[in-house]
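Trainee: Listed below, chain by chain, are the residues.
There are 6 protein chains.
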Amino acid sequence: METAYFGRRYMLSASHRLHSEALSDDANRATFGKCNNPHGHGHNYVIEVLVGGPVDAETGMVMNMATLDGVVQTSILQRFDHTNLNFDPLFVNRVPTTENLCREVYSVLKFVLPTVKLEHVRVEETENNFFQFYGE
Amino acid sequence: METAYFGRRYMLSASHRLHSEALSDDANRATFGKCNNPHGHGHNYVIEVLVGGPVDAETGMVMNMATLDGVVQTSILQRFDHTNLNFDPLFVNRVPTTENLCREVYSVLKFVLPTVKLEHVRVEETENNFFQFYGE
Amino acid sequence: METAYFGRRYMLSASHRLHSEALSDDANRATFGKCNNPHGHGHNYVIEVLVGGPVDAETGMVMNMATLDGVVQTSILQRFDHTNLNFDPLFVNRVPTTENLCREVYSVLKFVLPTVKLEHVRVEETENNFFQFYGE
Amino acid sequence: METAYFGRRYMLSASHRLHSEALSDDANRATFGKCNNPHGHGHNYVIEVLVGGPVDAETGMVMNMATLDGVVQTSILQRFDHTNLNFDPLFVNRVPTTENLCREVYSVLKFVLPTVKLEHVRVEETENNFFQFYGE
Amino acid sequence: METAYFGRRYMLSASHRLHSEALSDDANRATFGKCNNPHGHGHNYVIEVLVGGPVDAETGMVMNMATLDGVVQTSILQRFDHTNLNFDPLFVNRVPTTENLCREVYSVLKFVLPTVKLEHVRVEETENNFFQFYGE
Amino acid sequence: METAYFGRRYMLSASHRLHSEALSDDANRATFGKCNNPHGHGHNYVIEVLVGGPVDAETGMVMNMATLDGVVQTSILQRFDHTNLNFDPLFVNRVPTTENLCREVYSVLKFVLPTVKLEHVRVEETENNFFQFYGE
Numbered sequence: 011m012e013t014a015y016f017g018r019r020y021m022l023s024a025s026h027r028l029h030s031e032a033l034s035d036d037a038n039r040a041t042f043g044k045c046n047n048p049h050g051h052g053h054n055y056v057i058e059v060l061v062g063g064p065v066d067a068e069t070g071m072v073m074n075m076a077t078l079d080g081v082v083q084t085s086i087l088q089r090f091d092h093t094n095l096n097f098d099p100l101f102v103n104r105v106p107t108t109e110n111l112c113r114e115v116y117s118v119l120k121f122v123l124p125t126v127k128l129e130h131v132r133v134e135e136t137e138n139n140f141f142q143f144y145g146e
Numbered sequence: 011m012e013t014a015y016f017g018r019r020y021m022l023s024a025s026h027r028l029h030s031e032a033l034s035d036d037a038n039r040a041t042f043g044k045c046n047n048p049h050g051h052g053h054n055y056v057i058e059v060l061v062g063g064p065v066d067a068e069t070g071m072v073m074n075m076a077t078l079d080g081v082v083q084t085s086i087l088q089r090f091d092h093t094n095l096n097f098d099p100l101f102v103n104r105v106p107t108t109e110n111l112c113r114e115v116y117s118v119l120k121f122v123l124p125t126v127k128l129e130h131v132r133v134e135e136t137e138n139n140f141f142q143f144y145g146e
Numbered sequence: 011m012e013t014a015y016f017g018r019r020y021m022l023s024a025s026h027r028l029h030s031e032a033l034s035d036d037a038n039r040a041t042f043g044k045c046n047n048p049h050g051h052g053h054n055y056v057i058e059v060l061v062g063g064p065v066d067a068e069t070g071m072v073m074n075m076a077t078l079d080g081v082v083q084t085s086i087l088q089r090f091d092h093t094n095l096n097f098d099p100l101f102v103n104r105v106p107t108t109e110n111l112c113r114e115v116y117s118v119l120k121f122v123l124p125t126v127k128l129e130h131v132r133v134e135e136t137e138n139n140f141f142q143f144y145g146e
Numbered sequence: 011m012e013t014a015y016f017g018r019r020y021m022l023s024a025s026h027r028l029h030s031e032a033l034s035d036d037a038n039r040a041t042f043g044k045c046n047n048p049h050g051h052g053h054n055y056v057i058e059v060l061v062g063g064p065v066d067a068e069t070g071m072v073m074n075m076a077t078l079d080g081v082v083q084t085s086i087l088q089r090f091d092h093t094n095l096n097f098d099p100l101f102v103n104r105v106p107t108t109e110n111l112c113r114e115v116y117s118v119l120k121f122v123l124p125t126v127k128l129e130h131v132r133v134e135e136t137e138n139n140f141f142q143f144y145g146e
Numbered sequence: 011m012e013t014a015y016f017g018r019r020y021m022l023s024a025s026h027r028l029h030s031e032a033l034s035d036d037a038n039r040a041t042f043g044k045c046n047n048p049h050g051h052g053h054n055y056v057i058e059v060l061v062g063g064p065v066d067a068e069t070g071m072v073m074n075m076a077t078l079d080g081v082v083q084t085s086i087l088q089r090f091d092h093t094n095l096n097f098d099p100l101f102v103n104r105v106p107t108t109e110n111l112c113r114e115v116y117s118v119l120k121f122v123l124p125t126v127k128l129e130h131v132r133v134e135e136t137e138n139n140f141f142q143f144y145g146e
Numbered sequence: 011m012e013t014a015y016f017g018r019r020y021m022l023s024a025s026h027r028l029h030s031e032a033l034s035d036d037a038n039r040a041t042f043g044k045c046n047n048p049h050g051h052g053h054n055y056v057i058e059v060l061v062g063g064p065v066d067a068e069t070g071m072v073m074n075m076a077t078l079d080g081v082v083q084t085s086i087l088q089r090f091d092h093t094n095l096n097f098d099p100l101f102v103n104r105v106p107t108t109e110n111l112c113r114e115v116y117s118v119l120k121f122v123l124p125t126v127k128l129e130h131v132r133v134e135e136t137e138n139n140f141f142q143f144y145g146e
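Residue numbers (our numbering), protein chains in the order written: chain A, 11 to 146; chain B, 11 to 146; chain C, 11 to 146; chain D, 11 to 146; chain E, 11 to 146; chain F, 11 to 146.
No lab work stands behind these hints, which were simulated from the structure alone. Watch out, some of these pointers could steer you wrong.
[Stated by the list, open to error] Restricting the straight-line Cα-Cα distance to at most 27 Å, the calculated cross-link-like pairs of lysine-lysine (DSSO-like) are:
no., chain 1, residue 1, chain 2, residue 2
1, B, Lys127, F, Lys120
2, A, Lys127, F, Lys127
3, C, Lys44, D, Lys127
4, A, Lys120, F, Lys127
5, A, Lys127, B, Lys120
6, E, Lys127, D, Lys127
7, F, Lys127, B, Lys127
8, E, Lys120, D, Lys127
9, F, Lys127, E, Lys44
10, C, Lys127, D, Lys127
11, E, Lys44, C, Lys127
12, A, Lys127, B, Lys127
13, E, Lys44, C, Lys120
All values derive from a computational prediction rather than experimental measurement.
Just chain A, with the same shape it has in the complex (with noise of 0.2 Å):
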């Protein structure tokens, strides 16, 4: 049986701040510059999620899109939308990359998306850098 693959893009407005606990001062302005600054900046996320599977012969389907809505908006979405990422649990010792969210989009989504096979994670943090994980 053949697969096709759906994707779905999710917005969320978050902010960060990039610093290490495991370098200097100077290090971590050597390293992230502007996104070091001390009080955070924000962004506009994209996050896409790509799943993959058979269609449904009945339905037409890979997965029913309000499905996957409701798994993004309960799992992702309310616990990053409108926050400050440095405040998750995540990044308490972890920076805030966006590398970082999209890994963590990508378990969480995998481990709550049992019927289909979660292809990819992209997340794109201004419409001119992005970051994709496959969990390979």
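Dock chains B, C, D, E and F against chain A, hints included.
Mentor: Same frame as chain A, but now just chains B, C, D, E and F:
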């Protein structure tokens, strides 16, 4: 010889109603929500075609864009643009989901594009959801 | 007191067929081209609403975004989203062009938004054509 | 002499928390919703500047783009990009809504752009909401 | 009778070199920077045309889109698309800035569109800068 | 160790004329159409670079964005931005198609980015056509 990929995006406007003969009226409403409204609704679909092959040494091209445009115009846009998808023979016994539209566009183009490899067809239903098919 | 302007964009998917009872079949085809196809076709419309007023000193806002969202949801999106425009009472004796949709959205919002000034309604039919109405 | 208009778009990333000292905690939550979350959240703002004037016969320009870029860089982006807006002196006694940010950008640019007419400043908070100010 | 506005966007690819015969080589480099590079460079320009008029009661339109497309195709795109602007007669004694291109498009369309009011022409040079002309 | 992917988009404006020395004038016009116009034409190209690697535990990054920006600025943008591609040594005996530009950008970046894996280079010629190269 290395492969290069050429992608091209086309727009088509069409309407559809999601309704499965295999389901009761209640199950249809539960499955398809607003998309089950009796009189249908519509979209501006973006059809993205990606082909791959070696770059021709004389022309510097994977494939002539005018050729691809002609093929897509004749085989896809003349058939689907400004139509109601439910009336296409393809959808007599099949729900006109974008998954199914995407697979059909892939099948048709696979057949009429013999000299390059058709890599994928992607159909964007709105700017926030899309479908992809690779023929595998 | 100076005026600030707040704009908000909404998306709705709907289908329509352009056909005028005042014209012969030939004149309809000549006037509306592919848009006269009997089974209709559809669009993802973007509805842009622009309101103007003084910035409230306490809240720093022209108008609460949640309020505007509620008004547009109730008066516009519930009525038109995922529908066939030709079946709306507005279009019994009127061609469902986007010009006419734009005027209707303006009239409805003018009536239900009494405390701010409705500056314009803009409806984008595709990314390459749009309509605007200022009520004058 | 006829007027031509030159528009330019800049991006800045910043965080803010919407909270008014003039309101109770409950009223703040009711008014600002998720935007009142204590640790703030962020956006990629687009700042659009529109200036107008005659087209110079020698250069064919309304205004040199490099000049405008320099002015906006120095007076707006260095101050607001990658910051938390709540810590800007402007927002000590004012809610950092995008309406207020838009007015401030207008005021600053009006002052530092003496030789062309500043027509408007538009600030897009997300791709679906924006604010405009014309100084009137 | 109230006025409705119809906007339409066209794309054209062209090259230009910004260089003024009225300036020395040094002044040209200082004024136009990279845009003064001797061999020219290019853009995908978006030409937006906005016309206004009453909505026709029979057709529901301000102006037939196919008519506008034909006029713009014949008078603007055939002349400028896939050309080097510096070789157009318009630019023999004038710098081919986008300000000047915008004014010319306005003048030409004003002349060939007698039955509707041409409201503005907007030319986007890149997604971050644009020019507008209202004929006043 | 799992791989994360970091993508970054850059814009460059350049002109080109598609013309092959290996073809007659008639064959050139038949092959390249409007793109064979003698004086050339231009585009705003988007260059998308995708790199992959493990996420560094200390910095939370695949690669420092400022480093990538510097490399692309020096090796790609300074060479191609605001130029006529036909005058680049690369295109002395090669047609300056976007396929060939894409391959060259890939080759150059492959050479100067030794510590991360270059996954792909994508070049968008217009918003409706693009090219990708993976080095295979």
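Trainee: The structure should be examined with respect to each hint, and the outcome stated for every one.
Mentor: Verification of the supplied hints:
| no. | hint | verdict |
| --- | --- | --- |
| 1 | B:Lys127 / F:Lys120 | holds (25 Å) |
| 2 | A:Lys127 / F:Lys127 | holds (26 Å) |
| 3 | C:Lys44 / D:Lys127 | violated (45 Å) |
| 4 | A:Lys120 / F:Lys127 | holds (25 Å) |
| 5 | A:Lys127 / B:Lys120 | holds (25 Å) |
| 6 | E:Lys127 / D:Lys127 | holds (26 Å) |
| 7 | F:Lys127 / B:Lys127 | holds (26 Å) |
| 8 | E:Lys120 / D:Lys127 | holds (25 Å) |
| 9 | F:Lys127 / E:Lys44 | violated (32 Å) |
| 10 | C:Lys127 / D:Lys127 | holds (26 Å) |
| 11 | E:Lys44 / C:Lys127 | violated (45 Å) |
| 12 | A:Lys127 / B:Lys127 | holds (26 Å) |
| 13 | E:Lys44 / C:Lys120 | violated (49 Å) |
The structure fails to meet hints 3, 9, 11, 13 from the earlier list, while all remaining hints are met.
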